[in-house]
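From these two lone chains plus the hints, build me the complex, please.
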Amino acid sequence: DGGITQSPKYLFRKEGQNVTLSCEQNLNHDAMYWYRQDPGQGLRLIYYSQIVNDFQKGDIAEGYSVSREKKESFPLTVTSAQKNPTAFYLCASSMSGSGNTIYFGEGSWLTVV
Amino acid sequence: DQQVKQNSPSLSVQEGRISILNCDYTNSMFDYFLWYKKYPAEGPTFLISISSIKDKNEDGRFTVFLNKSAKHLSLHIVPSQPGDSAVYFCAASASGGYNKLIFGAGTRLAVHP
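Sequence lines, in order, name chains A and B. Numbering-wise (my numbering), the first sequence opens with residue 1 and increments by one. Numbering-wise (my numbering), the second sequence opens with residue 1001 and increments by one.
Next up, chain B with everything else stripped away, as it sits in the complex (with noise of 0.2 angstroms):
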């Protein structure tokens, strides 16, 4: 049963136009939610967190939409740059307990120019 979802295995953007990562969920206990980029053969890097508490968080060309009622986040690119091509996991836990992440299965962004 997959708590996380990312129905898109790959999306392919223009460079300079936005990309628009999506993630659903199913468990209604997750109140933080993460992005993770990765390039192949090397670990994760953290990009961006959302909490329950908000609806969306900024950080430079890197927003996080947090749709609550619909269990949907997004992750939206603006403006999209070749070196943004990687694969982009989504991840989710539940407060209480220890800290574990349940991760989406990835979506892989080629930026082309």
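For reference, chain A alone in the conformation it holds in the complex (with noise of 0.2 angstroms):
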């Protein structure tokens, strides 16, 4: 069955703590991507990756990081430096270069307490 697979669904992190979520997916896509949702907004790019071993920062990247060491995973952790890290944080893939559609996986939710 392909798609993209996000772990955990819910996360609780005390604050000082830095936690990763997983991403994994069997499209054989080249690039993935980080989004942010935050209530009453649109979706915010965190980091995305082209292609292994190589990504960039995207609007929000300030206290997080990622890697990209295989193709099929690009973790996010979430770090204590992240001042607002409640969020529901979407992972998402497509072929590289514009004009591909954009597939999302079913979502993390991080609550921080």
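Derived from the structure by calculation, the hints contain no laboratory data. All C-beta atoms, glycine included, are put in the ideal place defined by N, C-alpha and C. Wrong hints could be hidden among the right ones.
[Claimed, not checked] Short, incomplete list of chain B residues facing chain A, as computed with Cβ under 10 angstroms: (1) Pro1009; (2) Phe1089; (3) Ala1091; (4) Leu1101.
[Claimed, not checked] Under the rule of at most 20 angstroms between Cα atoms (straight-line distance), these lysine to aspartate or glutamate pairs were calculated in the DMTMM-like manner: (5) B/Lys1005 - A/Asp59; (6) B/Lys1100 - A/Asp54; (7) B/Lys1005 - A/Asp38; (8) B/Lys1100 - A/Asp30; (9) B/Lys1068 - B/Asp1055; (10) A/Lys70 - A/Asp30; (11) B/Lys1100 - A/Asp38; (12) B/Lys1071 - B/Asp1055; (13) A/Lys9 - B/Glu1042; (14) B/Lys1100 - A/Asp59; (15) B/Lys1100 - A/Glu62; (16) B/Lys1068 - B/Asp1031; (17) A/Lys9 - A/Glu106; (18) B/Lys1068 - B/Glu1058.
Laid out in structure tokens, this is it:
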């Protein structure tokens, strides 16, 4: 069954802790993305990767880090430096290059307690 | 600076009637536009897209219209069904470089009997 798998679905973090959100895709897509959604707002790009071992900052990268060691995987770490980490996080992938449809995973809810 | 705007936060439509969701953009470099549908706590699902070389694209009950001179696009759903009740996001990208989508804030559609 092809798609994008995010885990965990729900995650609680204490202030000062780093947490890592997993994202795996079996669509053979070169490009992968992390977006964040806050209530009443559109999706904002955190990081993207067009190819293995390469990634770039998006519009709101501060307090986040990523790695792209495998084509299928693009984990996101939310560090303690992220001031407002509570949000809905969405991983996505697409064929590389502009004009290609981006497909999303089911999302992960992160709550800081 | 919002490059993609969905000025109606919500829309209520009777089942069987037409739903029209609107989206405006400011960046004349955008040449690819997409609509996504999103249910609560789920990832967005791709609905339909349109390239700037077209002014209309149709897929079943969904039609997207693009007016480049007005920098405006709209999504028509005919006939509307209760299962269409969701948040709809408009997104746009420009060719060249990586596949960066800019999202609007979304419009919540409620289809009632």
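Restraint satisfaction for B/Pro1009 [CB to CB of chain A, less than 10 angstroms]:
Cβ of B/Pro1009 sits 7 angstroms from chain A, so the hint holds.
Checking one constraint from the list: CA of A/Lys9 to CA of A/Glu106, max 20 angstroms. Satisfied?
Roughly 8 angstroms separates the two Cα atoms, so the pair holds.
Restraint status (C-alpha distance of B/Lys1071 to B/Asp1055 at most 20 angstroms)
Given that 20 angstroms is the threshold and the Cα spacing comes to 11 angstroms, the pair holds.
Given the hinted pair B/Lys1100 and A/Asp38, is their alpha-carbon gap at most 20 angstroms?
holds (19 angstroms)
Check whether the Cα positions of B/Lys1068 and B/Glu1058 lie no farther apart than 20 angstroms.
Given pair B/Lys1068, B/Glu1058 holds - Cα atoms ~17 angstroms apart, limit 20 angstroms.
For the pair supplied as a hint, B/Lys1100 and A/Asp54, is the alpha-carbon distance within the 20 angstroms limit?
Holds, at roughly 16 angstroms.
Hint check: 10 angstroms Cβ-Cβ cutoff, B/Ala1091 to chain A
holds (8 angstroms)
May I ask you to test the interface hint for B/Leu1101 with respect to chain A, counting a Cβ-Cβ separation under 10 angstroms as satisfied?
holds (6 angstroms)
Is B/Lys1005 within 20 angstroms of A/Asp38, Cα to Cα?
holds (16 angstroms)
Can you confirm whether the C-alpha distance between A/Lys70 and A/Asp30 stays at or below 20 angstroms?
holds (10 angstroms)
Decide if the proposed pair is consistent with the structure: B/Lys1100 and A/Asp59, CA atoms, cutoff 20 angstroms inclusive.
Within the cut-off at roughly 10 angstroms; holds.
Below or equal to 20 angstroms on CA atoms is what counts here, so check A/Lys9 against B/Glu1042.
Roughly 10 angstroms between the alpha carbons, so the hint for A/Lys9 and B/Glu1042 holds.
Of the numbered hints given earlier, the model fails none.
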